Amino acid sequence: MGASSELSNDKLKWMYTQMSRIREFEERVKRTFVEHPGVIRGHAHLGDGAEASIVGSLATRHENDLVMPSYRCHGYPLVLGTSAKAVMAEIYQRKTGVCKGFGGSMHLADPAHHLPTASGIIGQGIAHAAGAAYAAQVKKTGQVVYSFFGDGSSKQGAFYETLNMAAVWKLPVVFVLENNEYQAYTHIKLEDANAIAGDPLSQKAEAFSIPGVTVDGTDPLKVYDAVNEAAERARSGKGPSLVESKFYRFSPHGNAITVPPVPTQFQEHEAIEVYGNKAEFAAAQANDPIKKFRAHLIGTGVLTEADAKKIDDSVRAEMDEVVKFALESPLPAPEDALNYVYA
Amino acid sequence: MGASSELSNDKLKWMYTQMSRIREFEERVKRTFVEHPGVIRGHAHLGDGAEASIVGSLATRHENDLVMPSYRCHGYPLVLGTSAKAVMAEIYQRKTGVCKGFGGSMHLADPAHHLPTASGIIGQGIAHAAGAAYAAQVKKTGQVVYSFFGDGSSKQGAFYETLNMAAVWKLPVVFVLENNEYQAYTHIKLEDANAIAGDPLSQKAEAFSIPGVTVDGTDPLKVYDAVNEAAERARSGKGPSLVESKFYRFSPHGNAITVPPVPTQFQEHEAIEVYGNKAEFAAAQANDPIKKFRAHLIGTGVLTEADAKKIDDSVRAEMDEVVKFALESPLPAPEDALNYVYA
Amino acid sequence: MAREMMFAEAIAVAITEEMQRDPSVVFYGQNMAMTDRDPFVRKFGKDRVRITPISETAEMGIAIGAAMNGLRPVVELYMAEFMLVAFDEVINEAPRLRYMSGGQVKVPCVFKAGFGFAAGWAGQHSNCTYHAMMGIPGLKVAVPSTSADAMGLMRAAIRDDNPVVYLHHYMLTIDKGPVPEGDHIVPFGVADIKREGTDVTIVATAWMVKKSLAAAEQLAKEGISAEVVDPRTLAPLDVDTIVESVKKTGRLVLVDQAPRHASAAAVIAGEVAEHGFEYLKAPMKMVTGLNTSVPYSEPMESYVLPSEEKIVSAVKSVLARHAAAV
Amino acid sequence: MAREMMFAEAIAVAITEEMQRDPSVVFYGQNMAMTDRDPFVRKFGKDRVRITPISETAEMGIAIGAAMNGLRPVVELYMAEFMLVAFDEVINEAPRLRYMSGGQVKVPCVFKAGFGFAAGWAGQHSNCTYHAMMGIPGLKVAVPSTSADAMGLMRAAIRDDNPVVYLHHYMLTIDKGPVPEGDHIVPFGVADIKREGTDVTIVATAWMVKKSLAAAEQLAKEGISAEVVDPRTLAPLDVDTIVESVKKTGRLVLVDQAPRHASAAAVIAGEVAEHGFEYLKAPMKMVTGLNTSVPYSEPMESYVLPSEEKIVSAVKSVLARHAAAV
Ligand SMILES: Cc1ncc(C[n+]2csc(CCOP(=O)(O)OP(=O)(O)O)c2C)c(N)n1
Ligand SMILES: Cc1ncc(C[n+]2csc(CCOP(=O)(O)OP(=O)(O)O)c2C)c(N)n1
Ligand SMILES: [Mg+2]
Ligand SMILES: [Mg+2]
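Chains as they are written, first to last, in the numbering used here: chain A, 1 to 343; chain B, 1001 to 1343; chain C, 2001 to 2326; chain D, 3001 to 3326.
Next comes chain A alone, as it looks inside the complex:
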């Protein structure tokens, strides 16, 4: 029995709430493209489907532990305590955004809430996470650093170099490989040698002689157990681990890439749009982590149906406010752009 069996009911409710918040937040981002065209620019990537993995992972955090996600980064700050308003405002280009409109969807940062930065370049953030862990080690802060990145990103040299160095230096870092079966439009069976051979991606850990496990990323408690073990290992000075968390992303990679002024929106998931594989997509949806966890909590008596509905309603109300706040916030002044080039 894993450590998750000791989670308090409050913590479990908190976990469900956070999962629900991520989902609703991402739904609202997606709807923005329809309801308020032009408000979001560039490329936005959603975390729906990843909720159990994100929340199960972050539920293991100790105070001051750091989190470094990839460019698909909306969910993490919501869980870490960043105001959802500030996150949405950032995505909406507002001066009230968590990065004052400088970063946007791919580059959320909130060091005050333990998320230093997110890099938009594949794999590089993995090294940054290990670096933060190196600082924690030298300064003996006791921090563990959580590094999140996709299955596709695990094919970038930075992943490999970093895991070796983290292993050699025994850095307090947990590498969570979020395997959602796709890198953008590419199915994993087209690009990963382990996947093609039918092996788990966690097998890559063998290249560094560190623990590697694969976990059902649609179950926050299983994720909790695996990540918790890795975090404890890191905290006790034994070094890094690789946790492969398997789930499915429900939205396509990002909004369609169009050239202004052509409007952009989210299309169908690549499974359907590119590969015509409706069955795969339907199976994933039947396995929705939020529905499953809701049913589990009700089944185990942690929540009543009414409790759950109350949470869902309050999350919806929160996100109504969030969108309103973001929409009504001012844009930055043009000259603001001259700030922050140098410290």
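Mixed in with the good hints there might be a few duds.
Straight-line C-alpha distance at most 27 Å; calculated BS3-like pairs for lysine-lysine [said to hold, decoys possible]:
#1 C:Lys2043 <-> B:Lys1238
#2 A:Lys238 <-> D:Lys3046
#3 A:Lys189 <-> B:Lys1170
#4 D:Lys3310 <-> B:Lys1189
#5 C:Lys2106 <-> C:Lys2176
#6 B:Lys1140 <-> C:Lys2281
#7 B:Lys1189 <-> A:Lys139
#8 D:Lys3221 <-> D:Lys3106
#9 C:Lys2247 <-> D:Lys3316
#10 A:Lys95 <-> C:Lys2310
#11 B:Lys1011 <-> B:Lys1309
#12 C:Lys2281 <-> D:Lys3316
#13 C:Lys2046 <-> B:Lys1140
#14 B:Lys1170 <-> C:Lys2106
#15 D:Lys3310 <-> A:Lys140
#16 C:Lys2194 <-> C:Lys2281
The hints are simulated quantities; they were obtained by calculation from the structure and are not laboratory data. Just so it is clear, the structure is predicted and the values come from calculations on it, not from any experiment.
Dock chains B, C and D with the ligands against the given chain A, drawing on the hints supplied.
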């Protein structure tokens, strides 16, 4: 029993001769720093100690198979049929050099003898080798490409990215990881997570779900067997393999790095110079691949002591000529430098 | 006779036709050729058209090795900044191997990438990286601004026996323009005068050509005749045509999306300062991106990038300086 | 009072003293700190002084992450070209993260590397890569030419709250020069006039400063007074001091080891063309590496690199042009 048991006596003699040629060639390069200071510039890296690994590998080649070594590349062209004179002349900066004086010790190239290029930047040549194999695959030339690189180089992202792609594309390439226990002055136990854990470096193959084997790189017949199996696998369309060949380099990493006009020479091996570990160095020398193979061939009746001596003598005579040729060859004209920038 | 074609389409047609012409041309990259329905896969099969993992070092390194063994790879890199994780392959491998081999090998490959995503892609996806490649001996760099040039330069790039970085500006992707019928090729190292004029020379590349032409149009209404010169390739760079234009107009404005010291403009300015000094009737002026990363939010992004208005006012200022000097 | 110190020693002393001063400074890289006998390890222990694998992406990426969490890493990279395998970290991560975060994080780290190994290291190890970094907003680039500057700029680099690329020229490694006692700091963005003169301004960096000073000496014997200006940092670049010098001398020669379009010289030329045009009495002239990779063999290598003689003759030619124009 491996395929090496079927090698003809002629082939075995050829193998011994090539090993002996590499050793003698490298000795002469090294002595040049003493006997003819200034004739060799920059940084030269010797292959003494690697003879069994190089020759055991290349003995498995079929006509037209390609070889892409790292910057430590003197040995390979000698075995492939490049004139030793042209190799030495290159190292001596001569117009008669195999690269006309443009490349030098680190960048030997002789495509006519199946060695397209050697890159001086760690790991990058591994990708070039896979690329040549991709061309072989598309053009159905039947070529296998042999990629040689060091233990240290296996920590560069290029290694990892390339092996995954080669596995996914099932490229006809053999990756020979030459584990000589050192990357420059760094002992492998200071930088490789597998080595620190006591695991073989061939375990990195798990990250790509391809075969990975470790072989005694001081025995050309064991190398032959392992590389031959990998080459046959590649040739039959099954894709790449990783062969870790373990041996010891007898010379230090390269000539000491000094700034002109301070003279440069080869110092003591790092085992002694840096780590004060005379025992390690002595043990390696006691395990000299050339002495061992010589004794083996005499023991099995392939060579008499007299035959062996004859080979050794003729190799020495050849290398006398080689040095003479290189010394007497003209330097390039300054303006030659304007050639070959563009094809 | 000319057909109308979108910029991106012109590139695709050039690649397709080159692949038809020469079986050694291959085409691969991330997120392309996913299924058998892909038009390139349908035409050329899965040996010559492939999908790759997110492994730019391997992707470009493999192209280099393949080029040395008889192929002519075109690597689709999508965004020029992704080359940076593997920049050694671009500027320290591809262009140097031939030279270091004493001319024994050649490395014909094309690294194709979009750039300048000035549409809210923010700090890491909106940059112009050509400055880091234009001075590398052995490397060629193409930066087309029209459909015709896009097609003609891609053809030339694929046929070139040297490594070529082919950069197509994102903001031009769906612009339409005439493209000559037949085997239309644009030679490298030949600048094009996109608009003739007599009062001032504007040198610009890619999207900045479009902005400069719009500025020239506006200036024409005020009686100012601007000549717009597009180098089309930054390596080789056609300094002569630029200097000739300056000889005619006596004034120079350089427009570049990149920040000043990371721009092609600065390098071109240096060349004109050396070779066209005596023709200049006033100091030249650069209109470049400001010295910041590119911010996400639209008002800030617009503020830091060159605009029609900034070009117009730069032109007026070099003309005013002239007037004052006379 | 000043002590004599070798260039490399001055750098080592600066790092040592900064590490003594500030416990958040750490120092790591390949092939250093191998044993407990290493002087840095002895002084600062194995947490703060480390050896790394050949993993430049991880090495620099880790520095960036560590910098955001309270350390001030100095990464020893040995040769500037090795940064290219990880160039994204240098120009698309370190300098952009602060900006993209809206000023919330800072990334104080130093990427230290030798460069310009013009001693038979051939095509991939002899290059100057600063042109690719000097225009990147958020990034600073130091290129010292003397022991004093080497020390003072390293101190400034480590104390700077921004990412700094610190490039020390291989050919200067064992040159000796005076270094002021005490906490000697050279601020970034302040050019230094290494020799005063009245007839011509020579702008040069690193090894080229040494060559330019030698050329100036030779010119002095012929009655020509050359001023040698060393920007010392390429980012920020002190354009004012250069323009002031040109104002005084009216003529400009720019010397750079890199090929012309990959040089800092071209960028500086562009700045002077815009901001110092009216002071120029003759066209400026660039003396740069020729447009080739660097060949291995000595006669060819010398041929492609700038030399004292080439500088002298460039100076004479800008003076002659002047004479002709008068
Ligand atoms: C070096 C680099 N190459 C390519 C890209 C373009 N890109 C952005 S996201 C992405 C897919 C990433 O897939 P994965 O790592 O699986 O993460 P997911 O999107 O599934 O969360 C790609 C290829 C990039 N940002 N950086
Ligand atoms: C990217 C890069 N980083 C660093 C170097 C410097 N370097 C040259 S050789 C070498 C050691 C290589 O060791 P290994 O791969 O084990 O090969 P060996 O020398 O033992 O044959 C290093 C670090 C380089 N050439 N390229
Ligand atoms: Mg994915
Ligand atoms: Mg080694």
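Consistency of the hints with the structure:
no. : hint                    : verdict
1   : C:Lys2043 <-> B:Lys1238 : holds, 26 Å
2   : A:Lys238 <-> D:Lys3046  : holds, 17 Å
3   : A:Lys189 <-> B:Lys1170  : holds, 14 Å
4   : D:Lys3310 <-> B:Lys1189 : violated, 50 Å
5   : C:Lys2106 <-> C:Lys2176 : violated, 35 Å
6   : B:Lys1140 <-> C:Lys2281 : violated, 62 Å
7   : B:Lys1189 <-> A:Lys139  : holds, 25 Å
8   : D:Lys3221 <-> D:Lys3106 : violated, 51 Å
9   : C:Lys2247 <-> D:Lys3316 : holds, 25 Å
10  : A:Lys95 <-> C:Lys2310   : holds, 25 Å
11  : B:Lys1011 <-> B:Lys1309 : holds, 17 Å
12  : C:Lys2281 <-> D:Lys3316 : holds, 25 Å
13  : C:Lys2046 <-> B:Lys1140 : holds, 14 Å
14  : B:Lys1170 <-> C:Lys2106 : holds, 25 Å
15  : D:Lys3310 <-> A:Lys140  : violated, 56 Å
16  : C:Lys2194 <-> C:Lys2281 : holds, 23 Å
In summary, the structure is inconsistent with hints 4, 5, 6, 8, 15 from the numbered list given earlier, while agreeing with the others.
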